[in-house]
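Those protein sequences? They're chains W and R, same order as listed. Residues in the first sequence are numbered from 1 upward in steps of one, following this note's numbering. Residues in the second sequence are numbered from 1 upward in steps of one, following this note's numbering.
Output of the computed footprint for chain R on chain W, the stretches with three or more beta carbons under 8 Å from beta carbons of chain R:
id, stretch
1, 42 to 54
2, 84 to 92
3, 112 to 121
Sample of chain R residues facing chain W (criterion: CB under 7 Å; computed from the structure):
id, residue
4, Ala54
5, Cys70
6, Tyr71
7, Arg76
8, Thr77
9, Leu89
10, Leu99
11, Leu106
12, Ala110
13, Glu117
14, Pro119
15, Ile124
16, Ala128
Simulated from the structure, these hints should not be mistaken for laboratory data. Glycine included, every Cβ here is placed at the ideal spot set by N, Cα and C.
Number of protein chains: 2
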Amino acid sequence: MLQIGGAAKAAELPVKTVRYYDEIGLIKANTQSEKGYRLYDESAVHKLIFIRHARAFGFSIEVCRELLDCYQNPARTSQEVKAVTARHLAQIREKMAALQQLHDTLTHLADHCHGDERPDCPIIDYLADPDNDPPTGVL
Amino acid sequence: MLQIGGAAKAAELPVKTVRYYDEIGLIKANTQSEKGYRLYDESAVHKLIFIRHARAFGFSIEVCRELLDCYQNPARTSQEVKAVTARHLAQIREKMAALQQLHDTLTHLADHCHGDERPDCPIIDYLADPDNDPPTGVL
DNA sequence: TTAGAGTCTCCAGTAACTGGAAGGTCAAGC
DNA sequence: GCTTGACCTTCCAGTTACTGGAGACTCTAA
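Using the sequences provided together with the hints, build the complete structure.
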């Protein structure tokens, strides 16, 4: 059994994060030592790693809960996992498209900005013009 | 002079947001009516629109402050604006690259997932494998 | 006079942590 | 036996940019 520091190290996560995951019930410590220390066994460490990976892919904590369920439940179907992933992929694609829009518009504007001592600037002009309607959906 | 509702409507922003911008000192109301109502003139409305546009491009509030300075200061140089924009563009490109990585890896995994009743799933397997190191930098 | 719409301030919540304070625990070294 | 340092604990606050709601005031129109 590892204390939180050992588990965090093994999972390559900050101690604070591991404690946070325990707090929100995502990955509970197996037991408490008699002095109230959190203790983690190997399978808990594996779960921590699993979550670190899932988070790195941008899955939200709530979705991570679902994925963890799938991971732990031997009766899970690959269908569910694929569906979750597909939804996430769709969001990623949306975000990428929005960023691309932003990028293109902004690049276009920046290309036409002299970038010198003079004050006139197409970027500012664009932002100031009430008639413009910049690309949406960045968040 | 418009009350906050009128200004918000003219700038196409929620009233709450306009009040928030006043609170944080981004765009102060011109005056208060004797009853304590915020009052906005046309130039304040223009600033609100300016900020709405800048925010739509993903500029943070703090960067918006700088851009607003540039907008209001006739002695500004286009250099500064271009620099701010270039930094932002770099961040956008970074994020796009990270998302692309994510997308590709996840797509690859999803393609190899049967998505049927069986439990085995390369996505779960990937997430569970401690040796994997998923793409970084989503946030 | 009363209903409705608009405004005010203040407080809490969002997502997923992160930082810090104040304090308990443990092993090693003197 | 005592201290030092590295652990661990809980609790509270801050991050970003709002958003929602409560409770109270103001104004206009019927």
